[in-house]
Amino acid sequence: MRFIRVLPIVIAFSILFGAAFTGLVIAPGFTSTVARTPSVGLVAYSTTEARGRHIYVREGCVYCHSQQVRNVKADANLAESFGVSKAGDYYYDLPHLLGTSRQGPDLSNEGRVWRREIGQPARDYLIGHFMNPRDYNPNSIMPAFDYLSKQELSDLTDYIQSLGAWKDNVPQPEKT
Amino acid sequence: MTSIKEQTSGIATRMPIISSESLPIDQPDSASRTWLFSGIFWMSVTMLIGLVEAVKLFYPEFLQGVPALAYGRLRPVHTNIGMFGFMSMGYLGATFYMVPRLTQTPLFSERLGSLTAWAWNLNLLAGCMGILLGFSKGKEYTEIPFPFDMAIGLFVIAIAGNLFSTIAQRREQRIYVSLWYILLAIIPFPIYYTLGNASKFSGIEDAVINWFYSHNFFGIWLTALGLATLYYIVPKQVHKPLYSHVISFVGFWTLAAFYPWNGGHHVIWGPVPMWVMTASVTASIAMFIPTFATMVNFGGTAWGTWEIMKRDVGYRFSLLAYLCYVGASLWGTGLAVMSLNAKLHFTNMTIAHVHLGFVGFGVPGLIAFTYFYLERSLKLKYSRSMAEWHFWLTVIGILGYTVSMGISGWMEGTAWEAGGAPQGTMIDRYPYHVARAISGLVILLGQFLFVGNVIQTINYPVPLAETTEEHSANNLQTQNVTTI
Numbered sequence: 000m001r002f003i004r005v006l007p008i009v010i011a012f013s014i015l016f017g018a019a020f021t022g023l024v025i026a027p028g029f030t031s032t033v034a035r036t037p038s039v040g041l042v043a044y045s046t047t048e049a050r051g052r053h054i055y056v057r058e059g060c061v062y063c064h065s066q067q068v069r070n071v072k073a074d075a076n077l078a079e080s081f082g083v084s085k086a087g088d089y090y091y092d093l094p095h096l097l098g099t100s101r102q103g104p105d106l107s108n109e110g111r112v113w114r115r116e117i118g119q120p121a122r123d124y125l126i127g128h129f130m131n132p133r134d135y136n137p138n139s140i141m142p143a144f145d146y147l148s149k150q151e152l153s154d155l156t157d158y159i160q161s162l163g164a165w166k167d168n169v170p171q172p173e174k175t
Numbered sequence: 000m001t002s003i004k005e006q007t008s009g010i011a012t013r014m015p016i017i018s019s020e021s022l023p024i025d026q027p028d029s030a031s032r033t034w035l036f037s038g039i040f041w042m043s044v045t046m047l048i049g050l051v052e053a054v055k056l057f058y059p060e061f062l063q064g065v066p067a068l069a070y071g072r073l074r075p076v077h078t079n080i081g082m083f084g085f086m087s088m089g090y091l092g093a094t095f096y097m098v099p100r101l102t103q104t105p106l107f108s109e110r111l112g113s114l115t116a117w118a119w120n121l122n123l124l125a126g127c128m129g130i131l132l133g134f135s136k137g138k139e140y141t142e143i144p145f146p147f148d149m150a151i152g153l154f155v156i157a158i159a160g161n162l163f164s165t166i167a168q169r170r171e172q173r174i175y176v177s178l179w180y181i182l183l184a185i186i187p188f189p190i191y192y193t194l195g196n197a198s199k200f201s202g203i204e205d206a207v208i209n210w211f212y213s214h215n216f217f218g219i220w221l222t223a224l225g226l227a228t229l230y231y232i233v234p235k236q237v238h239k240p241l242y243s244h245v246i247s248f249v250g251f252w253t254l255a256a257f258y259p260w261n262g263g264h265h266v267i268w269g270p271v272p273m274w275v276m277t278a279s280v281t282a283s284i285a286m287f288i289p290t291f292a293t294m295v296n297f298g299g300t301a302w303g304t305w306e307i308m309k310r311d312v313g314y315r316f317s318l319l320a321y322l323c324y325v326g327a328s329l330w331g332t333g334l335a336v337m338s339l340n341a342k343l344h345f346t347n348m349t350i351a352h353v354h355l356g357f358v359g360f361g362v363p364g365l366i367a368f369t370y371f372y373l374e375r376s377l378k379l380k381y382s383r384s385m386a387e388w389h390f391w392l393t394v395i396g397i398l399g400y401t402v403s404m405g406i407s408g409w410m411e412g413t414a415w416e417a418g419g420a421p422q423g424t425m426i427d428r429y430p431y432h433v434a435r436a437i438s439g440l441v442i443l444l445g446q447f448l449f450v451g452n453v454i455q456t457i458n459y460p461v462p463l464a465e466t467t468e469e470h471s472a473n474n475l476q477t478q479n480v481t482t483i
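First to last, the protein sequences are chains Y and L.
With the first letter of the first sequence counted as 1, position 53 gets the number 52 in numbering that gives the first Met the number 0; the numbers rise by one all the way through.
With the first letter of the second sequence counted as 1, position 419 gets the number 418 in numbering that gives the first Met the number 0; the numbers rise by one all the way through.
Please keep in mind that the hints were generated in silico from the structure rather than gathered at the bench.
The reader is advised that the hints may include incorrect statements.
Said to hold, decoys possible - A few chain L residues facing chain Y, derived, Cβ under 10 angstroms:
id, residue
1, Ser108
2, Thr141
3, Ile186
4, Ala206
All residues carry an ideal CB built from backbone N, CA and C; glycine is no exception.
Sequences are here, hints too, so could you generate the full structure?
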């Protein structure tokens with residue numbers, strides 16, 4: 000008798016919650032566009048890149064830098080230069096680092112700006128910029144990561160240079 | 000059906016008799032007090048950290064060089080303390096207060112309630128230390144490292160068990176709307192919490208699940224507990240029943256139906272299937288219905304209570320929370336409109352919206368409950384002048400915060416659509432970032448007054464002059480209850 004009035008409430012919102020759970024958690028796993036397949040040409044992170052990614056996570060870079068180019072007017076420049084992000088681009092990303100805020104620039108194609116082929120000058124720039132961003136841009140509000148060790152800075156640089164770099168090695172037919 | 004008189008006296012007679020030997024931890028409301036005061040403590044901490052971050056965003060050399068105080072590590076501590084410390088603990092304090100009264104039954108275990116509160120405090124402290132030392136899990140709102148993240152899930156199960164056992168043994172058969180929200184908060188939590196914190200998906204699936212978890216946490220945990228509290232205290236503050244129980248019924252069920260779908264609106268225009276976006280945008284826009292229901296219901300209840308508004312600061316805080324809840328919800332609906340989202344996602348507009356929810360709805364709601372608790376339960380008189388200062392400082396702070404960040408966000412979106420990049424708007428954002436930090440300082444000053452007021456009221460008690468009207472309305476809001 001006592002449960003008669005509580006139970007319907009619990010059952011009813013459990014069904015409502017279950018519907019959303021099915022829609023947003025279970026169903027995307029079966030949808031082709033989110034299928035667990037990497038984009039063509041996507042390269043897994045190397046050991047140093049993975050270590051660098053871990054530093055990126057640890058230092059909370061994601062709170063100011065997104066890794067996501069959208070097909071919208073506000074991202075028009077990025078989309079034109081680098082193409083729009085696709086689900087398969089994130090195949091090796093755990094945890095995901097899509098981001099929600101852009102206090103600083105989007106980094107999903109940073110490896111195509113400071114390409115590995117540039118060699119030492121690109122690395123010097125990136126490491127110097129981590130150490131003190133205001134040496135390069137006096138208006139920058141990025142924290143100075145001068146407390147990172149040499150090895151950590153090198154790993155982080157490897158990771159940043161890997162971002163989107165694989166896209167330069169595969170023909171990109173559609174630039175939406 | 001019991002008469003009002005019986006109900007009013009019922010709670011006192013049915014509470015266990017307090018002998019001098021019984022431990023303080025077993026006394027009625029000891030669990031509620033522990034949770035509530037912990038929540039107020041963490042509220043001050045998260046505001047202080049927020050202020051440090053706000054300063055760092057225009058003066059990055061501030062506290063530079065200490066890894067644990069770097070912006071990227073403080074930010075998850077700020078959000079996690081805000082969610083798990085201030086909001087969860089504070090509103091659980093209100094919940095532990097409401098449940099025994101709404102059910103006319105003593106809490107299943109005061110001891111368990113207090114112990115979970117202390118365990119929660121220590122666990123949260125350890126988890127935040129973990130983040131500061133560099134062990135963050137990295138996804139927004141799931142940063143607390145293992146095993147402290149899983150411990151939170153276990154504690155919620157203990158809390159839910161405690162509350163649900165009380166509800167199952169209840170003497171008052173009718174279920175007031177606050178209890179509906181509490182049930183919604185405590186039952187699905189372990190499912191989405193575990194999913195959000197323990198799942199090992201990668202890439203886009205990880206993102207979608209991350210937002211599913213986060214938005215449920217905000218929607219059917221924090222908001223549900225917050226609304227439960229407002230639904231409980233507002234009718235008592237104005238000494239009349241809720242405007243309409245039918246509208247509160249509509250508001251509850253539409254909220255329960257649409258909120259869990261909202262998660263996908265964090266990845267609108269992102270690399271997710273179109274239908275995930277469509278479903279989430281639809282649900283976010285449909286959130287207008289529960290918002291509108293709440294707006295009408297509280298608006299109707301508050302209508303014509305100008306006299307009470309003038310003399311009761313606590314009630315004014317309830318109204319502030321209510322207005323900001325409606326504002327933040329409508330704002331969220333607006334930001335989920337695809338064209339607006341394209342412009343404003345990733346800008347400071349999101350931050351303005353979130354803070355209107357937390358600082359506008361969460362903070363005043365808990366403050367209203369605390370003043371209510373001091374007056375109605377402890378029957379103590381708090382400093383009116385300090386409370387007035389606190390109120391106006393909070394109002395100015397909230398306005399300053401949301402307006403400065405809102406303008407900054409709109410400006411950024413406009414600049415990006417004109418082909419600019421975040422680096423380019425750095426100088427333009429500077430004055431707004433300064434204004435935001437000043438607003439934060441104003442809010443923090445108000446908070447200091449509040450904490451001082453609470454400590455003074457409890458340590459140097461001044462009994463409230465007995466006004467029969469205040470106390471005879473113990474269970475007024477259970478009148479005309481919709482039962483189902």
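Hints versus structure:
1. Ser108: This interface hint is violated because 19 angstroms lies over the 10 angstroms limit.
2. Thr141: Cβ of Thr141/L sits 8 angstroms from chain Y, so the hint holds.
3. Ile186: At 6 angstroms from the nearest chain Y Cβ, Ile186/L passes the 10 angstroms test, so the hint holds.
4. Ala206: Holds, because the Cβ-Cβ distance from Ala206/L to chain Y comes to roughly 4 angstroms (cut-off 10 angstroms).
The structure shown violates just one earlier hint, number 1.
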